[in-house]
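Enquirer: With chain S's structure known, arrange chains H, D and G on it following the hints.
Each chain is listed here by its residues.
Protein chains: 4
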Amino acid sequence: MPGSDLQERGERSDEQVSGAKVIAQALKEQDVRYLFGVVGIPVTEIAVAAQELGLRYIGMRNEQAACYAASTIGYLTGRPGVCLVVSGPGLIHALGGMANANMNCWYKECCLPPPVSMADTSAVCQAASVIRSARQPLLIVGKGAAYARAEESIRKLVEQCKLPFLPTPMGKGVVPDNHPNCVGAARSRALQHADVIVLFGARLNWILHFGLPPRYQPDVKFIQVDICAEELGNNVKPAVTLLGDINAVTKQLLEQLTKPLWQYPPESKWWKTLREKMKSNEALSQELASKKSLPMNYYTVFYHVQEQLPQDCFVVSEGANTMDIGRTVLQNYLPRHRLDAGTFGTMGVGLGFAIAAALVAKDRNPGQRVICVEGDSAFGFSGMEVETICRYNLPIVILVVNNNGIYQGFDADTWKEMLEFQDATVRAPPMCLLPNSHYEQVMTAFGGKGYFVQTPEELQKSLKQALADTTKPCLINILIEPQSTRKAQDFHWLTRSNM
Amino acid sequence: MPGSDLQERGERSDEQVSGAKVIAQALKEQDVRYLFGVVGIPVTEIAVAAQELGLRYIGMRNEQAACYAASTIGYLTGRPGVCLVVSGPGLIHALGGMANANMNCWYKECCLPPPVSMADTSAVCQAASVIRSARQPLLIVGKGAAYARAEESIRKLVEQCKLPFLPTPMGKGVVPDNHPNCVGAARSRALQHADVIVLFGARLNWILHFGLPPRYQPDVKFIQVDICAEELGNNVKPAVTLLGDINAVTKQLLEQLTKPLWQYPPESKWWKTLREKMKSNEALSQELASKKSLPMNYYTVFYHVQEQLPQDCFVVSEGANTMDIGRTVLQNYLPRHRLDAGTFGTMGVGLGFAIAAALVAKDRNPGQRVICVEGDSAFGFSGMEVETICRYNLPIVILVVNNNGIYQGFDADTWKEMLEFQDATVRAPPMCLLPNSHYEQVMTAFGGKGYFVQTPEELQKSLKQALADTTKPCLINILIEPQSTRKAQDFHWLTRSNM
Amino acid sequence: MPGSDLQERGERSDEQVSGAKVIAQALKEQDVRYLFGVVGIPVTEIAVAAQELGLRYIGMRNEQAACYAASTIGYLTGRPGVCLVVSGPGLIHALGGMANANMNCWYKECCLPPPVSMADTSAVCQAASVIRSARQPLLIVGKGAAYARAEESIRKLVEQCKLPFLPTPMGKGVVPDNHPNCVGAARSRALQHADVIVLFGARLNWILHFGLPPRYQPDVKFIQVDICAEELGNNVKPAVTLLGDINAVTKQLLEQLTKPLWQYPPESKWWKTLREKMKSNEALSQELASKKSLPMNYYTVFYHVQEQLPQDCFVVSEGANTMDIGRTVLQNYLPRHRLDAGTFGTMGVGLGFAIAAALVAKDRNPGQRVICVEGDSAFGFSGMEVETICRYNLPIVILVVNNNGIYQGFDADTWKEMLEFQDATVRAPPMCLLPNSHYEQVMTAFGGKGYFVQTPEELQKSLKQALADTTKPCLINILIEPQSTRKAQDFHWLTRSNM
Amino acid sequence: MPGSDLQERGERSDEQVSGAKVIAQALKEQDVRYLFGVVGIPVTEIAVAAQELGLRYIGMRNEQAACYAASTIGYLTGRPGVCLVVSGPGLIHALGGMANANMNCWYKECCLPPPVSMADTSAVCQAASVIRSARQPLLIVGKGAAYARAEESIRKLVEQCKLPFLPTPMGKGVVPDNHPNCVGAARSRALQHADVIVLFGARLNWILHFGLPPRYQPDVKFIQVDICAEELGNNVKPAVTLLGDINAVTKQLLEQLTKPLWQYPPESKWWKTLREKMKSNEALSQELASKKSLPMNYYTVFYHVQEQLPQDCFVVSEGANTMDIGRTVLQNYLPRHRLDAGTFGTMGVGLGFAIAAALVAKDRNPGQRVICVEGDSAFGFSGMEVETICRYNLPIVILVVNNNGIYQGFDADTWKEMLEFQDATVRAPPMCLLPNSHYEQVMTAFGGKGYFVQTPEELQKSLKQALADTTKPCLINILIEPQSTRKAQDFHWLTRSNM
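Protein chains in written order, with this note's numbering: chain S, 122 to 620; chain H, 122 to 620; chain D, 122 to 620; chain G, 122 to 620.
Just so you know, the hints here were simulated from the structure itself, not pulled from any lab data.
Warning: the hint list may mix true and false statements.
[Said to hold, decoys possible] Calculated cross-link-like contacts (lysine to aspartate or glutamate; reagent style DMTMM-like; alpha-carbon spacing at most 20 angstroms):
(1) H:K593 <-> S:E538
(2) G:K483 <-> D:D544
(3) G:K593 <-> D:D534
(4) S:K398 <-> S:D298
(5) H:K593 <-> S:D152
(6) H:K483 <-> H:E541
(7) S:K483 <-> H:E150
(8) D:K593 <-> G:E541
(9) S:K358 <-> D:D534
(10) D:K483 <-> G:E150
(11) H:K593 <-> S:E541
(12) H:K483 <-> S:D544
(13) D:K593 <-> G:D544
(14) S:K593 <-> H:D534
(15) D:K413 <-> D:D532
(16) D:K593 <-> G:E538
(17) D:K593 <-> G:D534
(18) G:K483 <-> D:E541
(19) D:K358 <-> S:E150
(20) H:K358 <-> G:D152
(21) H:K358 <-> G:E150
(22) S:K593 <-> H:E150
(23) H:K593 <-> S:D534
(24) G:K593 <-> D:E538
(25) G:K358 <-> H:D534
(26) D:K358 <-> S:E538
(27) H:K483 <-> S:E541
One chain only, chain S, in its complex shape:
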């Protein structure tokens, strides 16, 4: 490391100190409250100076995670988070976080309370008229609506007009997931048959299948509500675009649709179809969840987690099936309380996000918890941040949903059998991780609580204890069926001849 000589390390030059103070003071004036980073010769002084001014400095274990944490702060608090890194390798390690933040459209609007713009009045009229004439309408509530703090106005719109709505992954909670008008449990059906869809800060990217058939009607009419002109008209030709602050525009729309009040008939065929589909889907999930076979499947796990999930907790999630299936089962009741790997699908963000959310929770509402639902592979990207969690004693419960691999893995017996004649460096399939790893020991290593869980009963019990004990972070390592959710298939790894 440049500057590694002991003598040099010992000397804190006056210039560095005063420069650090100037920077810290500037951050304070911008109302920055949290800094994340890994200190090194030239930035330690800045961290110290920031602390002296009352800002929080959270020392992380890798700049990657530090940057993911910092980027979350803006979304949660409306004020910028700062990532403090040394030049050279530190900066490069942080690039992942910066790219991720950018893809999720965080950053730049934080610096001043942004002015509010409204949509063109005539376009609002036109949108209202399209909605009124819809036979199978659908609202989609996206991350942009959460970011714009539009929860009140959107909820009013949903309730007064009696419209079905669907949240995107990070739009969950803007209107509570258990709201009777939420049709998340009939997502595919709703998307596929809607004739008018209003997008509130939701982007037609891969998560929403780009807005294209066969996942949508070819002649579906999209109404886009967004703050960002460049997003309008991407992939599809919208019927109406409403450019402006999402909260302000929703209010405009609400006014148009409620004076005089227009309501979508709650006994329409469309509502009936959606309710039936939800019922049958929920029954299917319920059936999967109640399977008694061991190891557990994803649905069993998430069913039990949902049962005990505190209503006000933050839910952070990353992984493949873990994130996808978890999102359908775990409910959010508050806006901006779900954080997941997002548009960019970046693995390694979870613990950084959870740390940021826990800091915010701790300051706002002592007792509030962060539940961090990780796939086992995802956890590996930044698992060492568990030490950070323990050091700062953050109110985080990590669930590692462990299938021994990426997408899928092997059970311990198959693994052992596979290695009987040859070495893992020759023979281990690329998606396999070590079976039955004790990730919970990564938590106990730093004084937190850890559980190794193989049955529904153990899961219930460990969750109960973890949520009851507010003095320590906790990790519950949940073993599930390694080939879970995949159809039976030929087991080609063991049968390939020339390996």
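Expert: Structure of chains H, D and G alone, referenced to chain S:
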């Protein structure tokens, strides 16, 4: 695109498969033997195809470490290593590795056995004449000499001409550290008083204090031997530059200096000065090493490690004091058997380097071990790769030299006392990590062996066991004095008023 | 050039042809009407295919100018212009144009008719209230207002509320320069003493002295009307920000200020001060313009040009004094009819801009002219485009205001004297160009008309002829005082001893 | 920032002046002799300061050309040339030059006299043995040989070993083109049938058809002599690679082949084949050159130019056919006296190169001329630099070989006929330029001499006058057959229906 839909994941299109085979075949033709990475939708097939052709695929836990591993392979084997990442976040995570490799000048020469160039004959004569007239000569053996496999010729030069030499961090082992002509133990003295210095693939960067006074004589004559013209004449104006393959040029020089044989008088005042300085420095280290107070200091730890260090092991190291002090005590006897954080000072490289070295060791010489000496902060950057080490059962012994912080930390009592009235998020100094963390449990979590060590006796015993048991990886967590090597200073953290 | 072999040139592969057709078709569908470029192996086919679909391809002489031309089309027509370049050097030559377009905020909004957003109603009320309470109000009309086609609403606001306004360089003509409320002739005074300034798409960059004292009152209240949130609050802390489409927001403001009607008193002291300052400034200009000494000064030249300037012409301009002084004298009566070097101050843009404007003029309004006012140095950057102008017979009159240099030059006698004893490569001052260059011959070389003009009478006559003859492009080379507008100073070039 | 305020321009701050002096002094210490640029606010002072120290500043008309000029100086003089540009647009305009210099491998080696490296002795032996066993050997002399100033050693090798050689475009003149061993006139044959090819600083890029069949024997043995390891083994697998300074390596090779002397039999079948092919090709050229039909063809033009070309002149060239055909007819007798558009094929480099060459010529050898052979399209990229040439009165003769287009154009009658019913903006083919343009007037506009030439007699006469009159620059505009060298083809432009 992150392909989160289950259906999409299930479909392995024919195009992907055949494209993957083409890539794998091309890698094989380039004589690539090892791939490192984290699989994801589009690259899993490549990993599988590579395995089918007999290449090794090593699945890592974060692209950062994967890239550090891949970059090491070129240095160790002369053949390129490959890092397999998904586009987007995977690529960005890998940037650190690529930047590091570049700063260390690895990569590009690997693709074909490079042609050999020699130095201009007249310049060689001139260099020989400068050496012959030197009163206080010094050879510096750098990483470039290791890379050029110049060990035989440089050793001959040292021995036949009876010249003192000094290795750079990664030049260690080109000539064994215990060679009587090695003046590593009098490094500062040797640099400061030499009148002629011959650099063999060593760069005058911060590690060598840029070649400038007061660390050097103002009129010191540098002779630079290097393959890279752009490196010649940086920072200093060399007396002679020898551009060419370092091995070939050393042979040219050797011929000039040995026909007829010229020898530097072994009883010169210069040799006497150096020998005396080495003796006094070694006595000082010895004194530090033999201190009985607990917690141990760095010298005590490395003294005991050196006692048991196998002569043929790879030594990988990263950290601040851990790397710097460790380098002076731990000896290398073979070229290209020391890997450290290098020119760029990147933290997080250690486990990736160790994994690569272990693969090479395993294939070449079963029984050979990799000793990975990590500072506790450094370990945190990629500690989850311990699972990788266990999964592939790699012959690695990790030593975490644990001072509870970055540069320095607190002991457990001080830490506790500090938090009595306020929270760690408010009060913890930026360089502190959690005291007495059980890093060894990160190893036991995955089935490896772990030791928590606080005394010289425990250290000796655990090292003995770790080196004797070749069936499992091992981590020895060595607690040292948290304020080790730092002068006593006011304890301003606890006394600052307004925090 | 890659692919320069005759055989290869002769072969137009089928793939290239069909690829070219696909690209041309896509451009047509985006409603692209004009392409500019320099053809080469891979792009000739695209140009041909575009022509076959009825698009215009204008072959330029350097990619630099082609890109400047293309970037103008978006501003003038609201549809994207396209620049067609070969890869490698062609692309690099075009970078200047791309950077310039970006600095001027052209490009990206062109692709779809953008949705319109309005300002927050409460912010509009607040802005109206600030304006109503202003004692010395000022409107500044910027390029953004021109781009947003807000001419009608801004004119109404100016007239109904009787407010003074000031155009920025490219805001000229949104409201005609000869409007009685235009206070351009008292620019410095107006900026310096206004207490409330409303910016309509005008940015507080160097052209507006960053909005800072001493050019402004320290407590001036800025109201910013802009489409771009990132521009709001730069350099100054605005009193109110109105984010939205500038035309829509102006209408909102107009409604607030006219129902009931509020008017700024036309007999206020502020109006009196401004009118007096305008009168005295105009008298000063008039005095300078009427000077009879030869060579002419800038004011004399522009005074005569203004006398004959057609009201509907485009005015394009670049240079230093030429652009700055010309802008104050030459009047614009129509929006989007002035193009100059803009925010970035790029030299070399003039002829490209003029060519684009001429194409638009020719299609919209045969008989409309483009007057391109160039400094002599500025003309040199892309003077060869005169061939392009002649080839397409574009209705352009170029005025080269020629002071034999950059900022200033020498007269012919001084030049000759200076070279009596030494060569120009040794002695010529960096800002001097060849005296009395016959730039008009660059026009006659390609069949256009050229005039070499040294007196007011010659200038009047040549302008009259140039504007009367609509069959040919024309260049009037106007010699002015080489040291014009500069105070007398020591003539150090001739007196320096050791050159 | 473009500093358009008059006041600001007037003030030369003391800091700027002293900073400028420091820069100028540093340039002088690096032995920089020539600066090229376009001045503006912050760099004028540097130009002035440089002049005061005796450096030459050449003010150009566009940064593009300035950068092309600066990059040439390194190649011609071995000392760096400097391009002085303002930040922002100036820098961007200069990028073309920088990219071009990089592709041609100029720049960086200039800063210090580079150390010389030699090839591995055993590789030299091996190369000599391959050459000795060759049945159809060929030497290719590239720009790298010129750059390395290897003319003497390569000429000795050619003559003592009696080997046939072929120069690349910028390798022309290392050994004179009229040397009896030069087989340039049988280029295709020589490449296609050689069994051993030695490349001296010549790269197997598109100019040499990448070294691949069918332009080469599939089993041809390449011996590569180059300073740059990365270039070795590109595209082909060479039989031997000799890495080192090209001049030093050629001497090593020469020693191997001449002690004892080995000679390739001058009466071999290979020599006979080559001589016959040269004779027949030269007859063909001669026949084309002697055609009496008007307009002239390329061969007629170059034949007459070659007749009068001074042996010591620099030849600069750019264009498509103009450069390709001109290169085969115009002879070079001195190394580093031909400059053309090079590897990158950049158009617009010619006048910048010519200006740089003229400065060098003027200083070294008064009376020496630069002949700049330009296609008409190529001339348009930087034609305004003619003013620069006239201002500094540089000894340049520009020949514009004018075919009214890019690759090809129309004659005046066809052009007129084409425009009878429709406008050029609709109808002009992309590759056509204005027919019969009087480019020579671009020269007379600035006081140089100009000729408009349509017949061989006019060409002869104008060349004679131009070369005799050393007091003024000159431009000869040579009209040639617009469809020259292209087979008859359907004239689809006039017959396309819907245009």
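Enquirer: Check whether the Cα positions of H:K593 and S:D534 lie no farther apart than 20 angstroms.
Expert: Status holds; Cα separation ~19 angstroms.
Enquirer: Please verify whether H:K483 and S:D544 have alpha carbons no more than 20 angstroms apart.
Expert: At roughly 11 angstroms apart (the allowed maximum being 20 angstroms), S:D544 and H:K483 satisfy the hint.
Enquirer: CA of H:K358 to CA of G:E150, is that 20 angstroms or under?
Expert: Roughly 15 angstroms between the alpha carbons, so the hint for H:K358 and G:E150 holds.
Enquirer: Just to be careful, I want the Cα atoms of D:K483 and G:E150 compared with a cutoff of 20 angstroms; is the pair within it?
Expert: Measuring from Cα to Cα gives roughly 57 angstroms; hence the hint is violated.
Enquirer: Is the Cα-Cα distance between H:K358 and G:D152 20 angstroms or less?
Expert: holds (17 angstroms)
Enquirer: Would the pair S:K398 and S:D298 pass a check requiring their Cα atoms to be no farther apart than 20 angstroms?
Expert: holds (16 angstroms)
Enquirer: For the pair supplied as a hint, G:K593 and D:D534, is the alpha-carbon distance within the 20 angstroms limit?
Expert: holds (19 angstroms)
Enquirer: Taken at face value, is the distance from the CA of G:E541 to the CA of D:K593 at most 20 angstroms?
Expert: Within the cut-off at roughly 16 angstroms; holds.
Enquirer: H:K593 and S:E541 were given as a pair; does the straight-line alpha-carbon distance stay at or below 20 angstroms?
Expert: holds (16 angstroms)
Enquirer: Does S:K483 pair with H:E150 here, judged by a C-alpha cut-off of 20 angstroms?
Expert: This hinted pair is violated, its Cα atoms lying about 57 angstroms apart.
Enquirer: Within 20 angstroms, alpha carbon to alpha carbon, are G:K483 and D:E541?
Expert: holds (18 angstroms)
Enquirer: Measure nothing beyond the straight line between the CA atoms of S:K593 and H:E150; if it is 20 angstroms or shorter, mark the hint as holding.
Expert: violated (54 angstroms)
Violation of the numbered hints given earlier is confined to hints 5, 6, 7, 9, 10, 22, 25 and 26; the remaining hints are satisfied by the structure.
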